[in-house]
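Student: One-letter residues, chain by chain:
2 protein chains.
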Amino acid sequence: MQHSYAQLAQRLKHDLQRQRHQAGDKLPSVRQLATSEGVSTATVVRCYRLLETEGYVEVRAKSGMYVADWKAQQAARRTLQAAADATTPPPVRFEQLASLQHRMSQLHALTAQPLTLALHLADAEPGWYPCEALARAGQRLLRREPQGLGTYLTGTGLPALKKALIGHLARSGMDLGPADLLVTSGATEALQLALRAVTRPGDTIAVESPVYFGILQAGELLGLKMLEIPCVAGQGMSLEALEYALAQHGGVRAVVVMPNFQNPLGTAMPDAAKQRLLGLAERHGATLIEDDAFGDLAPGLDRPRPIKAWDRHGQVIYCGCASKSMAPALRVGWVVGGRHQRTLESLKFSNSLTTPWFEQAVLAEYMVSGAVAADLRRLRERLAATVPPATEAVRAHFPAGTRVAGPAIGWWLWIELPEGLDTMVLLHAAVRHGLAFTPGALFSSAGKFKHHLRLNIARPWTRELALGIKTLGALAQAAASHPAGAIAPAPSP
Amino acid sequence: MQHSYAQLAQRLKHDLQRQRHQAGDKLPSVRQLATSEGVSTATVVRCYRLLETEGYVEVRAKSGMYVADWKAQQAARRTLQAAADATTPPPVRFEQLASLQHRMSQLHALTAQPLTLALHLADAEPGWYPCEALARAGQRLLRREPQGLGTYLTGTGLPALKKALIGHLARSGMDLGPADLLVTSGATEALQLALRAVTRPGDTIAVESPVYFGILQAGELLGLKMLEIPCVAGQGMSLEALEYALAQHGGVRAVVVMPNFQNPLGTAMPDAAKQRLLGLAERHGATLIEDDAFGDLAPGLDRPRPIKAWDRHGQVIYCGCASKSMAPALRVGWVVGGRHQRTLESLKFSNSLTTPWFEQAVLAEYMVSGAVAADLRRLRERLAATVPPATEAVRAHFPAGTRVAGPAIGWWLWIELPEGLDTMVLLHAAVRHGLAFTPGALFSSAGKFKHHLRLNIARPWTRELALGIKTLGALAQAAASHPAGAIAPAPSP
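Sequence order for the protein chains is A and B.
Going by this note's numbering, the letters in the first sequence line up with residues 1 to 493, in that order.
Going by this note's numbering, the letters in the second sequence line up with residues 1 to 493, in that order.
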């Protein structure tokens with residue numbers, strides 16, 4: 001999807017590359033170009049900013065826009081790249097963190113930085129997963145079926161995996177047959193396909209607020225308008241706010257929810273509220289897209305029921321995956337889309353053909369090995385164990401007035417710092433100390449949660465983690481005692 | 001993307017499910033519903049057809065539309081599904097083969113049928129791939145890095161794989177750095193991302209004709225209008241026809257080509273034509289999306305240059321993969337998108353996060369093992385060996401007047417049967433004999449190539465293959481001697 005400023009920039013670049021202008025030539029002023037192109041000055045400003053970022057244009061103070069010596073810059077860049085070690089991380093474009101289109105990629109770019117404590121993504125301690133069992137299952141598989149890596153896989157999912165999933169999901173109250181399931185590349189692809197199945201660009205969907213930034217990026221790239229519905233403590237999405245929004249907007253195509261451990265609040269929606277939500281969606285003809293990535297990690301004995309389990313009219317598209325509960329690196333997810341299933345299948349084939357054989361087969365073997373229940377229990381216990389010391393550390397070291405939202409499973413802490421403290425600015429300082437977290441602003445497209453942050457604590461409570469939280473707290477304290485948003489000099493660790 | 005007939009059908013289904021009508025009630029006539037809904041009668045007809053297919057509506061001859069007893073039907077279906085063996089293949093919906101949206105999924109459904117000779121997809125003999133080497137590399141990997149399956153992968157591609165790909169693509173004349181490459185789930189995802197990066201719904205793109213049906217399905221699901229540009233023997237896309245179309249339409253956003261062994265014609269575009277094509281695209285401001293899935297399989301010593309190798313202005317988005325030349329089940333592809341690279345990365349993250357670690361690591365190991373050149377040579381020889389006997393068999397057994405297009409690598413035969421012979425009808429008969437091929441109609445959205453078919457011959461010349469071609473020829477002969485399209489009684493094999 002190309003905005004008009006990007007199209008204009010592309011055409012200008014073409015001209016520059018064809019030598020229509022030489023390095024050092026003066027370019028039209030913003031007003032001149034807006035008039036000659038018949039676009040707004042805002043569009044021209046964005047266009048010139050883009051060209052400046054890419055090295056084609058330079059701004060000379062009080063003078064205007066000039067053609068930069070882009071050829072020399074590109075040659076230099078290529079030489080540098082060729083010489084650089086293949087593992088040199090690309091720089092983080094902090095300004096793109098705030099952009100809806102790029103926030104996820106920039107967050108991942110953060111990961112490539114040299115960080116002591118990378119707490120900005122949703123990954124848990126690798127050692128908490130049954131890696132050895134998965135690796136052994138993989139080796140057995142490759143010995144037994146070496147031709148597996150040479151055979152084109154077809155269909156909507158490996159039969160052995162579907163069988164295992166049917167058993168697994170039956171425990172959640174979902175009664176499925178093989179034709180009801182489509183295996184995807186993680187819940188990410190499941191959500192993407194679900195959105196594409198029921199919306200077109202220009203449509204409106206309702207999402208939780210705060211909401212996982214992946215949904216915001218997906219919605220933006222699909223050209224969707226997103227209504228951010230506030231959440232209430234202990235429930236998740238406010239059904240009153242949703243009811244109001246659905247009635248007022250009239251024409252919301254889908255409501256995207258994470259009722260079992262919302263990302264980032266960690267709330268669990270009670271059954272009664274789930275049923276009300278389903279009824280609301282039915283009455284307004286909106287598809288409920290349910291992301292159940294964390295559903296298996298509920299504390300306690302009873303696995304919470306997905307909303308899909310109550311769905312009699314095909315109102316819900318259910319998305320799940322193994323990435324959080326069983327095996328992060330397998331990238332295996334699934335979607336149960338009811339009446340939309342054939343459309344989802346066609347979209348999947350068109351999108352990425354099939355999910356690879358190996359991962360599906362490994363997961364299937366693991367799921368029927370009998371180890372899942374015990375591994376999940378152990379994972380839940382470990383997640384829960386870090387919560388008290390981590391929460392305590394935040395209370396001890398962060399500025400007065402800091403609030404920590406209740407995390408139900410322990411995967412992360414949603415921390416609200418005193419108002420006026422900009423956590424995006426804090427991130428700059430934190431990265432210099434080798435620490436990363438997710439700034440709250442990423443969880444909204446409307447500029448909310450600027451003084452919030454999400455901290456990943458899905459790892460053992462170690463001295464390193466304790467020190468990281470202490471340092472982060474100190475940086476926040478320093479920022480709090482300076483004018484709003486200013487970056488304080490680094491305190492001694 | 002939902003068409004208006006589908007939206008209307010959805011609303012009617014809602015009404016039916018809410019018991020607004022009882023089984024046996026008469027529904028509005030086509031004209032009545034068109035008037036009351038403010039849509040065309042064509043839309044209502046399509047709507048009613050969809051509801052009929054799904055069992056909600058039944059047509060009573062000379063009487064009209066009635067509500068079917070859909071609840072009983074659904075209950076019966078669920079019971080059947082629950083009782084059925086998980087491996088029962090879903091029926092092939094032949095009528096959906098012709099639909100742009102579903103043709104690929106239905107083609108894959110064909111594969112689930114009990115077929116002796118499944119020659120309708122683009123898979124080659126699994127034994128022709130270095131399966132054992134890949135399996136051994138996989139086992140080594142899992143022993144060395146068992147935590148690999150527990151660690152969330154981030155970034156735009158495993159560094160080791162990027163390094164191997166840079167070396168591999170350098171031999172094609174492409175000079176890349178790690179930031180220029182994005183690893184995708186096969187060329188399928190690469191093409192999908194490329195289309196989404198440079199088009200919006202409603203835009204127009206130019207494609208070859210005949211063209212790989214995956215492109216048609218992708219374009220349809222993205223809401224794109226597709227201009228089908230005829231190909232010429234020995235070249236591929238006709239540049240004169242393309243020039244005319246670009247000038248006449250004015251505003252074509254992208255041109256999708258497979259210049260190295262076009263699917264399904266097998267043509268290889270000469271270098272001079274490639275450069276003309278690039279110039280054409282530049283002059284008209286259209287992005288060239290290049291699918292190079294088969295490029296490594298050129299006969300002879302010189303690997304053909306991708307058009308990307310001549311690209312100085314970022315006009316080309318290059319898509320490649322390992323699925324045809326090295327390892328079909330790995331689902332690893334790559335995209336080199338020049339100025340669109342950051343957009344492609346954001347789309348990828350939003351689409352499926354990352355391509356799994358295991359497949360990337362296995363491919364990287366294989367690519368640096370030194371075995372690639374010899375394995376590719378052997379694969380090319382084997383592909384070429386089947387061509388003469390297969391072509392001979394077609395000439396011997398198919399109806400007089402049948403023409404076989406020259407296949408440059410031997411992956412398939414593009415067969416033109418006498419006009420009037422409907423290969424979609426022939427497919428029905430063939431499937432009953434356990435044979436499948438790809439009907440020509442799938443390679444166009446405009447109803448062309450009805451008497452063509454694509455036959456996959458990427459397998460050893462065996463008695464089984466010989467018998468299959470003989471049987472298919474006999475079926476075609478029988479159909480040719482009957483009135484156009486009629487299905488003849490099965491001849492004795």
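Hint data in this document are derived by calculation from the structure and do not stem from the laboratory.
Predicted model, so just to flag it, every value in this text is computed and none were measured.
One or more hints might be untrue.
[What the hints assert, rightly or not] Distance condition first, Cα-Cα at most 35 angstroms in a straight line; then the derived DSBU-like pairs of lysine-lysine:
{"no.": "1", "chain 1": "B", "residue 1": "K13", "chain 2": "A", "residue 2": "K163"}
{"no.": "2", "chain 1": "A", "residue 1": "K13", "chain 2": "B", "residue 2": "K225"}
{"no.": "3", "chain 1": "B", "residue 1": "K13", "chain 2": "A", "residue 2": "K225"}
Student: Now tell me if each hint is right for this structure.
Tutor: Results of checking the hints against the structure:
1. K13(B) to K163(A): Holds: K13(B) and K163(A) sit about 30 angstroms apart, inside 35 angstroms.
2. K13(A) to K225(B): holds, 27 angstroms
3. K13(B) to K225(A): Roughly 26 angstroms between the alpha carbons, so the hint for K13(B) and K225(A) holds.
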